[in-house]
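Asks: Now for the letters of each chain:
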Amino acid sequence: MNAIIDLLHGLTGLFIDDGALALAILAVVLLAAVLALLLPGVPLAAGAVLVVGCLSVLVANVAQAARR
Amino acid sequence: MTWIAAAPALSAAFVSSLVEAVEALTIVLAVASVRGWRPAGLGAAAGLALLIVIVLALGPLLDRVPLYLLQLTIGILLLLFGMRWLRKAILRAAGVIPLHDETTAFAAETAELREQARRHEARLDWLAGLASFKAVVLEGLEVVFIVIAIGAGRGMLVPASIGAVAACGLVAVAGFAMHRPLARVPENTLKFAVGILLSAFGVSWTGEGLGVPWPGEDLAILAFAALFLVVALAAVALARRPHAQALP
Chain A
1 MNAIIDLLHG LTGLFIDDGA LALAILAVVL LAAVLALLLP GVPLAAGAVL VVGCLSVLVA
61 NVAQAARR
Chain B
69 MTWIAAAPAL SAAFVSSLVE AVEALTIVLA VASVRGWRPA GLGAAAGLAL LIVIVLALGP
129 LLDRVPLYLL QLTIGILLLL FGMRWLRKAI LRAAGVIPLH DETTAFAAET AELREQARRH
189 EARLDWLAGL ASFKAVVLEG LEVVFIVIAI GAGRGMLVPA SIGAVAACGL VAVAGFAMHR
249 PLARVPENTL KFAVGILLSA FGVSWTGEGL GVPWPGEDLA ILAFAALFLV VALAAVALAR
309 RPHAQALP
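If you read the sequences in order, they're chains A and B. Residue numbers for the first sequence follow my numbering, beginning at 1 and rising by one. Residue numbers for the second sequence follow my numbering, beginning at 69 and rising by one.
Among the clues, some could well be false.
Reference excerpt, derived from the structure (chain B facing chain A, CB under 7 Å, subset only) [unchecked claim]: (1) 121; (2) 148; (3) 151; (4) 152; (5) 158; (6) 274; (7) 280.
Label pairs and their computed distance ranges (CB to CB) [as the list claims (entries may be wrong)]: (8) A:45 <-> B:131: 43 to 53 Å; (9) A:18 <-> B:171: 36 to 46 Å; (10) A:39 <-> B:129: 28 to 38 Å; (11) A:17 <-> B:171: 46 to 56 Å; (12) A:34 <-> B:129: 43 to 53 Å; (13) A:18 <-> B:305: 12 to 22 Å; (14) B:287 <-> A:56: 58 to 68 Å; (15) A:34 <-> B:298: 47 to 57 Å; (16) A:17 <-> B:105: 24 to 34 Å; (17) B:290 <-> A:23: 41 to 51 Å; (18) A:45 <-> B:194: 31 to 41 Å; (19) B:179 <-> A:18: 25 to 35 Å.
Hints listed in this document are in silico derivations from the structure and should not be mistaken for laboratory results. Beta carbons are placed, not taken as given, at the ideal position from N, Cα and C, and that holds for glycine.
Whenever a hint applies, use it, and build me the whole structure from the sequences.
Replies: Structure below.
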């Protein structure tokens, strides 16, 4: 049983290591999705939010980890 | 399909899989050094068999999933997976967390198995085989995910698979010939590069899943990779601790 729990823990760990980073990435994707729905005529706006959002999230998370 | 078209998928899958294969090999070698090749080999073979079953079962399902849904799902998973790698590689390069060292990982795994040997002598072969199995399954699933993420939906599954199989084969041959962990592989540099590539693929796929028509189509991935590289290097400088080693 422990081995299975261990394996499942390892599987989630493939994608989520720092919970704050994972949540921030999902929030950026959600924001881009909302923009894509609200502004279907300007699809690149969602793309720009996605690119800038992901890069910002990365820098902010690294800076926070470095301060800890 | 030309080699020029297939080269990015093949090389991205090769480099990503190389890192995973090195990590799996370290644990399999640690098991072999403590309990011999039988449990290590049986565990690894069982892990490989499970991976083959997973690929055979899930592979045909990929064609049935609508393309936008596949792009969005894999794109989000790629962002989570790639940015997690990139974050860790940045923090390691900046000296905030220690560099991953295969020799240390090998020593830690060996020590843990010896400790288990002291406590559960009778069950040790089983425990050792399980450690080998788990390493192959977890690292192998990462390889499978990388191959799907890089290749699916673009007709690049075959070159991505060739890249992954070549990397795993190369690591297996080198590791079993030397009988020690491949400590000289510049793992953090590879993870840094792979994190950038996977994050760039993730942005591209997620955007396409949301209906974003990227200028230049697939060429946009190169632009995203360049952006991630510049920002990641800036983040290393921002987070750098005194006495941290420069990125090799």
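Asks: For each hint, tell me whether it holds in the structure or not.
Replies: Structure-based check of all given hints:
A cut of 7 Å between beta carbons decides the hint on residue 121 of chain B: the least distance to chain A is about 15 Å, and the hint is violated. This hint holds: residue 148 of chain B has a C-beta 4 Å from the nearest C-beta of chain A, less than the 7 Å allowed. With 7 Å as the threshold, the beta carbon of residue 151 of chain B comes within range of chain A, its nearest partner Cβ sitting at about 6 Å, so the hint holds. Checking residue 152 of chain B against chain A by beta carbon gives a least distance of about 5 Å; that is within 7 Å, so the hint holds.
At its closest, the beta carbon of residue 158 of chain B sits 5 Å from a beta carbon of chain A; the interface hint therefore holds under the 7 Å criterion. Checking residue 274 of chain B against chain A by beta carbon gives a least distance of about 6 Å; that is within 7 Å, so the hint holds. At its closest, the beta carbon of residue 280 of chain B sits 4 Å from a beta carbon of chain A; the interface hint therefore holds under the 7 Å criterion. Between residue 45 of chain A and residue 131 of chain B the beta carbon distance is about 32 Å. The supplied range of 43 to 53 Å is therefore violated.
Under the hint 36 to 46 Å, the C-beta atoms of residue 18 of chain A and residue 171 of chain B, about 26 Å apart, miss the expected range. The given range of 28 to 38 Å is respected by residue 39 of chain A and residue 129 of chain B, whose C-beta atoms sit roughly 33 Å from each other. For the pair residue 17 of chain A and residue 171 of chain B, the beta carbons lie near 23 Å from each other, so the given range of 46 to 56 Å is not met. For the hinted restraint 43 to 53 Å between residue 34 of chain A and residue 129 of chain B, the CB-CB distance of approximately 29 Å leaves it violated.
Distance hint for residue 18 of chain A and residue 305 of chain B: a CB-CB separation of about 20 Å, consistent with the stated range 12 to 22 Å. Look at residue 287 of chain B against residue 56 of chain A: about 24 Å separates their beta carbons, and that is not inside 58 to 68 Å. Checked against the hint of 47 to 57 Å, the pair residue 34 of chain A and residue 298 of chain B fails, with Cβ atoms roughly 28 Å apart. Hint check: residue 17 of chain A to residue 105 of chain B, Cβ distance near 32 Å, so the stated range 24 to 34 Å holds.
Distance hint check for residue 290 of chain B and residue 23 of chain A: the Cβ-Cβ separation is about 29 Å, which falls outside the suggested range of 41 to 51 Å. In this structure the supplied range 31 to 41 Å is violated for residue 45 of chain A paired with residue 194 of chain B, their Cβ-Cβ distance being about 56 Å. As the Cβ distance of residue 179 of chain B to residue 18 of chain A is approximately 27 Å, the hint placing it in 25 to 35 Å holds.
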